[in-house]
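So the sequences go chain by chain: A and B.
Each residue of the first sequence is one higher than the one before, counting from 1 in my numbering.
Each residue of the second sequence is one higher than the one before, counting from 1 in my numbering.
These are calculated hints, taken from the structure and not from any lab test.
Just so it is clear, CB atoms sit at the ideal spot from N, CA and C, and this is done for glycine as well.
Any given hint could be a false lead.
[Claimed, not checked] Here are the simulated BS3-like pairs of lysine-lysine, each with C-alpha atoms no more than 30 Å apart in a straight line:
#: 1; chain 1: A; residue 1: K299; chain 2: A; residue 2: K150
#: 2; chain 1: A; residue 1: K242; chain 2: B; residue 2: K27
#: 3; chain 1: B; residue 1: K76; chain 2: A; residue 2: K251
#: 4; chain 1: A; residue 1: K249; chain 2: A; residue 2: K291
#: 5; chain 1: A; residue 1: K3; chain 2: B; residue 2: K51
#: 6; chain 1: A; residue 1: K249; chain 2: B; residue 2: K76
#: 7; chain 1: A; residue 1: K222; chain 2: A; residue 2: K249
#: 8; chain 1: A; residue 1: K222; chain 2: A; residue 2: K3
#: 9; chain 1: B; residue 1: K76; chain 2: A; residue 2: K13
#: 10; chain 1: A; residue 1: K150; chain 2: A; residue 2: K13
#: 11; chain 1: A; residue 1: K13; chain 2: A; residue 2: K98
#: 12; chain 1: B; residue 1: K51; chain 2: A; residue 2: K249
#: 13; chain 1: A; residue 1: K334; chain 2: A; residue 2: K99
#: 14; chain 1: B; residue 1: K27; chain 2: A; residue 2: K244
#: 15; chain 1: A; residue 1: K13; chain 2: A; residue 2: K3
#: 16; chain 1: A; residue 1: K291; chain 2: A; residue 2: K251
#: 17; chain 1: B; residue 1: K51; chain 2: B; residue 2: K27
#: 18; chain 1: A; residue 1: K98; chain 2: B; residue 2: K27
#: 19; chain 1: B; residue 1: K51; chain 2: B; residue 2: K76
#: 20; chain 1: B; residue 1: K27; chain 2: A; residue 2: K249
#: 21; chain 1: A; residue 1: K126; chain 2: A; residue 2: K299
#: 22; chain 1: A; residue 1: K249; chain 2: A; residue 2: K98
#: 23; chain 1: A; residue 1: K222; chain 2: A; residue 2: K150
#: 24; chain 1: A; residue 1: K3; chain 2: A; residue 2: K99
#: 25; chain 1: A; residue 1: K150; chain 2: A; residue 2: K244
#: 26; chain 1: A; residue 1: K150; chain 2: B; residue 2: K76
#: 27; chain 1: A; residue 1: K251; chain 2: B; residue 2: K27
#: 28; chain 1: A; residue 1: K126; chain 2: A; residue 2: K150
#: 29; chain 1: B; residue 1: K76; chain 2: B; residue 2: K27
#: 30; chain 1: A; residue 1: K3; chain 2: A; residue 2: K126
#: 31; chain 1: A; residue 1: K291; chain 2: A; residue 2: K126
#: 32; chain 1: A; residue 1: K99; chain 2: A; residue 2: K13
#: 33; chain 1: A; residue 1: K244; chain 2: B; residue 2: K76
#: 34; chain 1: A; residue 1: K126; chain 2: A; residue 2: K222
#: 35; chain 1: A; residue 1: K3; chain 2: A; residue 2: K150
#: 36; chain 1: A; residue 1: K126; chain 2: A; residue 2: K99
[Said to hold, decoys possible] Not the full set, but computed from the structure, chain A residues with beta-carbon under 10 Å of chain B:
#: 37; residue: G159
#: 38; residue: G162
#: 39; residue: L171
#: 40; residue: F182
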Amino acid sequence: MSKTNWELTEADKDRYSRQMRFGAIATPGQTRLKNARVLLCGCGALGTVLANTLVRAGVGFIRLVDRDFVETSNLQRQVLFDEEDAAQGVPKSVAGAKKLNQINSLVTVEPVVAHIDRGNILELAKDVDLILDGTDNFEIRYLINDAAIKLGIPWVHGGCIGSHGQFMTILPGDTPCLRCVFEAAPGPGEAGTCDTAGVLGMTINIIASYQATEAIKILTGKLEAVNRDLVYLDCWENTFRKIKIAPLKGKVDCPCCTHNRFEWLDGEQGAQTTSLCGRNAVQIAHAKPIKLDFELLTKNLAHLGNVSSTRFLLRFSAEDCDFTVFPDGRAIIKGTDEPDRAMALYARFIGH
Amino acid sequence: MSVRVQIPTPLRPSAGDQAIVEVTATKVGDALNHLIEIHPAMGGKLFDNGKLRRFVNIYVNDEDIRYLDMLDTAIKDGDEVAIIPAVAGG
């Protein structure tokens with residue numbers, strides 16, 4: 001799907017010389033990386049490591065999408081951010097893109113501040129060669145899976161909790177898809193989350209580095225080197241498990257890749273609220289984005305005495321919860337992990 | 001037949017905080033039943049109305065039972081049964 005045909009410059013050859021000496025990449029591989037386009041979903045823990053690695057490796061274009069803003073508790077593992085980003089509450093994709101431009105000005109990073117949903121994912125993905133999972137929940141991963149299968153774009157999944165994590169590569173039409181392997185995601189409270197089990201920066205770096213390696217193989221056209229297994233590892237317990245999933249292809253009756261039923265894309269599955277991993281917070285998003293008038297909202301909430309806003313977000317506190325509201329009507333309500341309570345608070349203070 | 005069942009971190013509180021439980025069985029289903037006999041709290045984690053819960057994957061020696069014989073998959077001495085739920089965070 002690459003639309004460009006750029007050759008390597010002398011600056012490229014100098015910068016990427018060590019990587020190009022690696023025989024499987026060399027000049028043809030590096031040239032392909034320069035012309036490659038990637039959609040990176042999420043610029044948090046996995047996302048910042050992925051972006052950092054791919055930008056340094058010379059991937060020509062990365063669209064960096066994240067709905068969130070930087071907080072101090074991110075700094076333990078989200079490698080592109082610093083204390084100033086947290087103090088200013090900068091959107092993650094904006095802070096990430098700024099740092100990435102300082103790291104490598106020869107590549108293009110396009111920051112997008114948005115919640116990825118069924119209304120925008122096809123547009124975000126339509127002109128890329130690869131999609132990377134830097135997200136923290138299965139709701140969005142099934143949506144990515146739908147989009148990737150529908151558009152025929154490879155994607156690399158990764159997930160982490162505590163000291164363990166997993167990754168797998170999905171090549172549409174070739175390997176099983178995410179839904180073949182995980183027919184359903186655990187509901188709230190049914191498995192560990194970053195809330196209950198925490199997460200180590202080391203786990204994130206390991207899983208994201210494997211994902212990035214898979215990405216480089218795909219983007220350089222080395223599909224024979226792609227890992228066809230589901231890998232599950234625990235860096236604290238020193239376990240590394242390669243699970244054979246290839247025989248699942250065609251064996252399980254997959255709604256997505258066998259029957260082309262895209263239930264997340266079509267809105268048959270997917271919620272309006274999402275519990276945010278490790279944050280004691282709920283996000284509320286509208287199926288169709290609205291346009292919030294921050295000036296009016298600030299006025300309406302003035303009695304609370306704690307409203308502040310930038311052009312990216314508006315914040316206030318009420319009922320022992322901290323609200324962060326975005327111009328598209330999306331809100332993150334911190335201080336509760338109950339979607340219903342969050343919905344009620346949203347309706348009470350923001351409306352719609 | 002003595003087989004080892006690997007318990008994933010999030011389910012260990014329901015299995016006496018153990019990472020590995022030794023059970024005796026010749027089929028995967030029997031191995032899980034024996035596990036539940038030893039640690040009854042695992043029952044609700046693995047099964048819903050007698051059916052394996054959809055987000056729980058079971059592997060025998062790193063092969064998925066869905067392309068083997070599901071719960072009837074034969075196991076022998078020394079085999080390893082792993083229970084692996086999807087890892088959500090990131």
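Item to check | Violated hints, by number in ascending order, as checked against the structure | outcome: Going through the list in order, the structure violates hints 1, 4, 5, 9, 10, 16, 18, 21, 22, 26, 39 and respects the others.
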